[in-house]
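Protein chains: 2
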Amino acid sequence: MLFRQFFDPVSSSYTYLLASAAGREALIVDPVKEQVPQYLMAIEQLGLRLVRAIDTHVHADHITGLGALRDATGCITLMGEFTRAECVSQCVRDGELLDVDGIKLRALYTPGHTSESFSFVLDPERPRAVMTGDVLLIRGTGRTDFQNGDAGRSWDSIVETLFRLPDSTLVYPAHDYKGWTVSSIGEERRYNPRLAGKSRDEYISIMNRLKLPDPKLMDVAVAANLACGQAGNG
Amino acid sequence: MLFRQFFDPVSSSYTYLLASAAGREALIVDPVKEQVPQYLMAIEQLGLRLVRAIDTHVHADHITGLGALRDATGCITLMGEFTRAECVSQCVRDGELLDVDGIKLRALYTPGHTSESFSFVLDPERPRAVMTGDVLLIRGTGRTDFQNGDAGRSWDSIVETLFRLPDSTLVYPAHDYKGWTVSSIGEERRYNPRLAGKSRDEYISIMNRLKLPDPKLMDVAVAANLACGQAGNG
Chain A
1 MLFRQFFDPV SSSYTYLLAS AAGREALIVD PVKEQVPQYL MAIEQLGLRL VRAIDTHVHA
61 DHITGLGALR DATGCITLMG EFTRAECVSQ CVRDGELLDV DGIKLRALYT PGHTSESFSF
121 VLDPERPRAV MTGDVLLIRG TGRTDFQNGD AGRSWDSIVE TLFRLPDSTL VYPAHDYKGW
181 TVSSIGEERR YNPRLAGKSR DEYISIMNRL KLPDPKLMDV AVAANLACGQ AGNG
Chain B
1 MLFRQFFDPV SSSYTYLLAS AAGREALIVD PVKEQVPQYL MAIEQLGLRL VRAIDTHVHA
61 DHITGLGALR DATGCITLMG EFTRAECVSQ CVRDGELLDV DGIKLRALYT PGHTSESFSF
121 VLDPERPRAV MTGDVLLIRG TGRTDFQNGD AGRSWDSIVE TLFRLPDSTL VYPAHDYKGW
181 TVSSIGEERR YNPRLAGKSR DEYISIMNRL KLPDPKLMDV AVAANLACGQ AGNG
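In the order they appear, the protein sequences are chains A and B.
Here the first sequence is numbered in my numbering, starting from 1 and rising by one per residue.
Here the second sequence is numbered in my numbering, starting from 1 and rising by one per residue.
Because the hints were derived from the structure by calculation, they are not lab data.
Any given hint could turn out to be false.
Treat identical chains as interchangeable: a pair holds within one or across any two.
Unchecked claim - Heads up, simulated SDA-like pairs for lysine to any residue below, C-alpha to C-alpha not over 25 Å straight-line:
no., residue 1, residue 2
1, Lys178, Ala22
2, Lys33, Pro193
3, Lys198, Leu212
4, Lys104, Pro215
5, Lys178, Glu81
6, Lys33, Trp180
7, Lys198, Gln38
8, Lys211, Ser20
9, Lys198, Ser12
A quick note: this is a predicted structure, and the numbers were derived from the prediction, not measured.
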């Protein structure tokens, strides 16, 4: 399998390009608009045909590459069914299976960071990895204080849904700010400082006390991302 | 196998932590001093025992974590046999096989970026990956204009040594500046713009015309790294 992780240093975002092998159809998860030329170079040089561009949720800290990738490749843009982004051409339901030329992903509804966040499990019959967007980060969790975020729902998504995956399942988040590139469900169950040994109420209290500043790009990014990153570009 | 890639955003460095599995002996390649607390956290939480800390070469752009890791864990510090860093406690020869609790690495002498650079091939019987330090980067190559760098030797190391590995061998460099985390030998053979379709003389001409500024940390880093990053700390 071809699995490529890209990093956007400005927003500390991770993006994932997946295909069964070079020369096959491919999908990309959480692309960043400014990095689209890099993805297109990789897609071309690996002989891939991009057929799906997926956002786990409407991002507030960077502009999505969905629209630019759709324009460049004709790929289908995809999000979970509760997205407010009307530009996407396919919405998936909780539990729905995607199969892109042999790459199998199970869509899981994991709200909390936002009310419309999905995660995607690779090889759901025998889970190898999960792309968690911002709901579960490495030794952290995504903030729950805007875009209908909800700390209780974040706990439920992580503890009742994601932590039911096997411990060996690799965790690939949409961000990391400390230089980590991957974790696993077992590690996060045991060592995530916001979750391990905590109750649901304690987690809600932690999250509601964070008082983080808004992301710098928030006003611009959310509006643009509701139009697949193409707001103002038609 | 446990394979963890870490990123230092200040120097755009990659560091690799490897072990056969959680709970086993581990080795680390090209650690960055400022990130040592992160590595130590990962090592502890994964139940690893660090037994080797390896630098591919004396870095000029960041301070190595070798000394700090040796102090914290008692691991053996290791470099290739031509290093000028007298602090290291094990030097490996070209072709030498390292076996750390089931993790097998073949040391390859690949000078050019510096005169003492080594690469390390994972699972040399059936190469899965190669950690190339700065001699071969993703769609680039390490500069050859200081620390006895030599563009002709860089070409020979890449084309005559690294490119003889199978095309499928994954390439994990010590740096990337564009957000890529991994490549493969086949991709670099075909698409590295400094190498693909070029002659040795053309490559030498390209490298000798680069006229790059010195790395910001160069004076500090090289001196410190000859003492495993512990200069001034005893």
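Hints, one by one, checked against the model:
{"no.": "1", "hint": "Lys178 <-> Ala22", "verdict": "between (31 Å within a copy, 21 Å between copies)"}
{"no.": "2", "hint": "Lys33 <-> Pro193", "verdict": "between (32 Å within a copy, 24 Å between copies)"}
{"no.": "3", "hint": "Lys198 <-> Leu212", "verdict": "within (21 Å within a copy, 51 Å between copies)"}
{"no.": "4", "hint": "Lys104 <-> Pro215", "verdict": "neither (33 Å within a copy, 44 Å between copies)"}
{"no.": "5", "hint": "Lys178 <-> Glu81", "verdict": "neither (32 Å within a copy, 33 Å between copies)"}
{"no.": "6", "hint": "Lys33 <-> Trp180", "verdict": "both (22 Å within a copy, 15 Å between copies)"}
{"no.": "7", "hint": "Lys198 <-> Gln38", "verdict": "between (41 Å within a copy, 23 Å between copies)"}
{"no.": "8", "hint": "Lys211 <-> Ser20", "verdict": "neither (42 Å within a copy, 41 Å between copies)"}
{"no.": "9", "hint": "Lys198 <-> Ser12", "verdict": "neither (27 Å within a copy, 35 Å between copies)"}
Checked against the numbered hints given earlier, the structure breaks hints 4, 5, 8 and 9 and satisfies all the rest.
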